[in-house]
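Enquirer: Okay, so the sequence shown: first residue is 1 according to the working numbering, each after it adds one.
Rather than coming from a laboratory, the hints here were simulated on the basis of the structure.
Keep in mind that this is a model prediction, so the values were computed, not measured.
Any given hint might turn out to be false.
[To be verified] Quick list of the computed label-pair ranges, beta carbon to beta carbon:
no., residue 1, residue 2, range
1, T92, R217, 17 to 23 Å
2, E2, L67, 53 to 59 Å
3, A16, A292, 36 to 42 Å
4, E276, D195, 22 to 28 Å
5, L67, G211, 18 to 24 Å
6, R123, T92, 49 to 55 Å
7, Q17, V40, 32 to 38 Å
8, V115, V283, 25 to 31 Å
9, R31, D10, 30 to 36 Å
10, A269, A93, 36 to 42 Å
Quick reminder that beta carbons are idealized off the backbone N, C-alpha and C, glycines included.
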Amino acid sequence: MEPVVATLLDRHLSMAQEWFPHQYVPWSRGRDYEGPLDGVAWQDAQSALSPVAKSALVLSVLTEENLPVYHHRLAANAPRGGAWDAWVHRWTAEEDRHGTAMLAYLHTTRAVDPVALERARMRYMSTPPHPDDLPSDPLHGLAYVLIQELATRVAHRNTGLNCGESVCARLFARVAQDENLHMVFYRDLYAALLDLVPDQAMAGLWRAVKGFRMPGRTIPGFAEMNARVALAGWYDLEIFHGDVLTPLLRTLRVHERTDLGPEGEHHRAELLTHTERLHRTAVRLRERRPAALAQER
């Protein structure tokens, strides 16, 4: 697959646009904090963001900050000096900008409690990741990264659209552009694998979809923040099904493939059954949302 990776890397480099995190941070809003600089301590009234936006941003920045874990797993399968090695390091460099920009935005605008954020970051990054977030099987792992990149792009896009703050919206739109190019790289690489080893690749895709969870489940307070974002309709199971899973399976031509053996056919059938089950569950959750929102109030 090295020639395919090399071609996709060259295409990515021709499409990727240079940008600078410092240009997306409203530094003029910043003030010194308490501590050695004897500034002003953070208070909740200083934040211009809603509770939903705060949850979405905390989940986003902590997930992005945990990049070293994902780099380690991807790099472990990369021969030194090859195209895959070059891609993993380029991907890491681009992803690192996301956490840098988000963290600077949160600190400068006093959007969230910086002490609580740093403590959560330390706990999260000091905790071993959930095994399902880092599959050891290469095809399963690659399929997971593919789904995760598209899901992250959609989540960042929706955060920007719904956050109610123009600078935050611009930053998250910029990050979502990067995530889209990353998704396209992994998508087209996985499409090539489906052509090369269709049965094995279909099995990897099935395993990734069946067990997929957004990264960050070991973040302190993850369940509560994730539920708040889902209840607000920013990113929930229905969005995952409609904006992530459905278009991805369509682009990979999962439904119409004719090159599968018995094992591949079995995993495709399981995958499509699971996808339909997710859709039914998503519809039920949407129907229950008004009552859940009323209870929240």
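Enquirer: Quick check: which numbered hints come out false for this structure?
Expert: 2, 6, 8 and 9
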